[in-house]
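Colleague: Here the protein sequences come in this chain order: A and B. Following the working numbering, the numbering of the first sequence begins with 2 at its first residue and continues without gaps. Following the working numbering, the numbering of the second sequence begins with 1488 at its first residue and continues without gaps.
You may find that some hints are simply not true.
Said to hold, decoys possible - Label-pair restraints from in silico Cβ distances:
1. B:Gln1642 with A:Phe159: 56 to 66 angstroms
2. A:Ala318 with B:Val1624: 24 to 34 angstroms
3. B:Ser1533 with A:Glu52: 48 to 58 angstroms
4. B:Lys1556 with A:Phe159: 44 to 54 angstroms
5. B:Ser1500 with A:Asp306: 43 to 53 angstroms
6. B:Met1529 with A:Gln201: 25 to 35 angstroms
Claimed, not checked - Derived pair list, reagent style BS3-like, types lysine-lysine, alpha-carbon separation capped at 27 angstroms:
7. A:Lys364 with B:Lys1556
8. A:Lys336 with B:Lys1608
9. A:Lys113 with B:Lys1556
10. A:Lys336 with B:Lys1556
11. A:Lys329 with B:Lys1608
12. B:Lys1556 with B:Lys1608
13. A:Lys110 with A:Lys252
14. A:Lys157 with B:Lys1534
Hint data in this document are derived by calculation from the structure and do not stem from the laboratory. No residue lacks a Cβ here, since even glycine has one placed at the ideal position from N, Cα and C.
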Amino acid sequence: MSMATEQPTQSLPQGVYLEKDIDAGELTVNIGPQHPSTHGVLRLITTIDGEVVRDIEPVIGYLHRSKEKMAESRSLFQYQPTIDRVEYLSAFFDHYVFVTSLEQIAGLKVPKRMQYVRMITMELNRIASHLLWFGTFLLDLGATSPMFYAFRDREKIFSLFEQLTGARMMYNYYRFGGANADMPEGWLEGALDFCDDFEQRIDEYEAIVTKNPIFLDRTVGVGVVDAETLIAHGVTGPTLRGSGVALDQRKDNPYCCYDEVTFDVPVGQNGDCYDRYLVRMAEMRESLKIIRQAVRQIPGGDTADLMRRRAEGDEAANDIELQIAGQKINLLTYKAPPGEVMTTVESPRGFLGCYLITDGTPKAYRCKWRGASFSNLTVLPLLMKGRLFPDLMAIFGSIDVILPEVDR
Amino acid sequence: MVFNDLKDNKVTSGMVEIGRGLKTVSQHMLRPPVTLEYPEVMPDLSKRFHGRLTLLTKSDGSDLCIGCKACARVCPCVDLIQIEMHRDSAKKPVIDRFTIDMGRCIYCGNCTEVCPVDCIKMLNDFELADYSRQALVLDKAGLSLSGEESDRYRQTHGLEAQV
Ligand code: SF4
Ligand code: SF4
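Bound-form chain A, shown alone (with noise of 0.2 angstroms):
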């Protein structure tokens, strides 16, 4: 590091300089808040010395939406929308622990249809936030194929996506007790379509990103974490079962439906950045054996043999566990009755909580949001330190962190 040691020929402008030695060789980095590679708004303070990072601390709040708050002021089914910004990229998460929390509070079945429906669907969003993570972060390091590959098959969920419940992103589709529809005729297929085409296009991820020596050179050995230090951080998810940990809320603590299908929980050894990528990848794998698998198990199949047994005046077809909804509830006036539930499911990025209280209002009393972002984020200073400048993108990608999540 050089620095201009005469005297400024020009006298400097008047205002307010800072004195301060930078001879020392460290130096002050801002990071974002607007950089392409935060993937949000992140801002990083970072302390090098050269290439060294010696320390690193993230500024969190820029996307802060106060979305607890606002579930205080709005009825449950108004406040409902909202919880797709939470977090956007697997928006299907957020409402099956609101959803699932009061209908614990209150009581309320799901039919065995809806709850497969809801299977399947956040089986396939799993699917589409790792895609959007294999791309960023094979971006990140210098990529640019892979982006293009992820973002065509993720665009062909999306079109499933919006068959069904009319958005993209922001689904709004589960209801207290089920679902506001039932899917369209056909559904099912386009979803086993997709799957059939998807085993492929994995292995041509594969083929190009696995074994890539850059690729192994940027990876292997690199945000080399142990468990222990994971857990500590109440870390969760892939970044966690890179490390070694087969902790996962589907096999744990099977809610839905996912104790009545078989799939396995993939788990890393070195709990270095290339594990977590083979952890991530694998797991799309396992997600397309639970739609195979959900799709032939569903009751009542398809939508349009469904409607044509209702015609010929089956009474079976008509049975409760095939309905959209357990109990029509009136969304206009519903109260939930007073009750306190903690629910977690396993999001993309780990451990998903809601915590509701409600007290017999339209409102919620509060409505508390754990985000597996904000305490994966919490490792990363831990996992910098001492690195090189370089690693923080394949440091900070591989953890896989998103922002709204973390700021709600």
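Assemble the complex: chain A is given as a structure, and chain B with the ligands must be docked to it using the hints.
Modeller: For chain B with the ligands alone, kept in the frame of chain A given last:
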């Protein structure tokens, strides 16, 4: 032996892997494009699409809305839908003012779900950009569909006829 040396060699294995990646990438050249030439080719949207809001009318073009304000009450954006109404001598509702600020709407579809007479609905129209915010505040005339259009909408969306 020589083969093993070659396999363990980082340079050769790296070259093999890069070759494999290039092969996969170049295969894409022969595939049909997946993008849409957007302004010329419109995307194929489903019936459930959350687009611009509209007010359906009866077949003869008169107001279908009964002014119950259910839509305004479930809207997450407070005060976005503004309705003023009175009842005429025959106690029939007359809508004086019905405005929706599309610039603030989040296209959630809550309002369409609670309407008791299936009056407020969503169209497939998503090209709403305009030069001023005021132009996005739609009044009753801007929102309403004509009688024939409403009938067509009800037909394609499987809603009951309203006369
Ligand atoms: S779509 Fe949602 S935000 Fe828009 S007017 Fe209807 S309820 Fe309000
Ligand atoms: S809910 Fe329907 S009928 Fe009632 S005010 Fe709104 S548009 Fe009119």
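Colleague: Is it true that Ser1533 (chain B) and Glu52 (chain A) lie within 48 to 58 angstroms of each other by Cβ?
Modeller: With a Cβ separation near 51 angstroms, Ser1533 (chain B) and Glu52 (chain A) satisfy 48 to 58 angstroms, so the hint holds.
Colleague: Should the hint that Ala318 (chain A) and Val1624 (chain B) are 24 to 34 angstroms apart at their CB atoms be regarded as holding?
Modeller: 46 angstroms, violated
Colleague: Need the status of pair Lys364 (chain A), Lys1556 (chain B): alpha-carbon distance at most 27 angstroms?
Modeller: 19 angstroms, holds
Colleague: Take the C-alpha atoms of Lys110 (chain A) and Lys252 (chain A), compute the straight-line distance between them, and say whether it is at most 27 angstroms.
Modeller: Given pair Lys110 (chain A), Lys252 (chain A) holds - Cα atoms ~22 angstroms apart, limit 27 angstroms.
Colleague: Next pair to validate is Lys113 (chain A) with Lys1556 (chain B); report whether the Cα-Cα distance is within 27 angstroms.
Modeller: Answer violated: Lys113 (chain A) to Lys1556 (chain B) is near 34 angstroms, above 27 angstroms.
Colleague: Starting from Lys1556 (chain B), check that the Cα of Lys1608 (chain B) is at most 27 angstroms away, please.
Modeller: This hinted pair holds, its Cα atoms lying about 14 angstroms apart.
Colleague: Does the alpha-carbon distance linking Lys329 (chain A) and Lys1608 (chain B) stay inside the 27 angstroms limit?
Modeller: The given pair, whose Cα atoms are some 21 angstroms apart, holds under the 27 angstroms limit.
Colleague: Are Gln1642 (chain B) and Phe159 (chain A) spaced within 56 to 66 angstroms by their CB atoms?
Modeller: Since Gln1642 (chain B) and Phe159 (chain A) have Cβ atoms about 28 angstroms apart, the given range 56 to 66 angstroms is violated.
Colleague: Just tell me: holds or violated, for the beta carbon distance of Lys1556 (chain B) and Phe159 (chain A) against 44 to 54 angstroms?
Modeller: 34 angstroms, violated
Colleague: Evaluate the given range 43 to 53 angstroms for the C-beta pair formed by Ser1500 (chain B) and Asp306 (chain A).
Modeller: 52 angstroms, holds
Colleague: Mind checking the hinted window 25 to 35 angstroms against the Cβ distance between Met1529 (chain B) and Gln201 (chain A)?
Modeller: 29 angstroms, holds
Colleague: Are Lys336 (chain A) and Lys1556 (chain B) close enough, with their CA atoms no more than 27 angstroms apart?
Modeller: Given that 27 angstroms is the threshold and the Cα spacing comes to 19 angstroms, the pair holds.
In summary, the numbered hints that this structure violates are 1, 2, 4 and 9.
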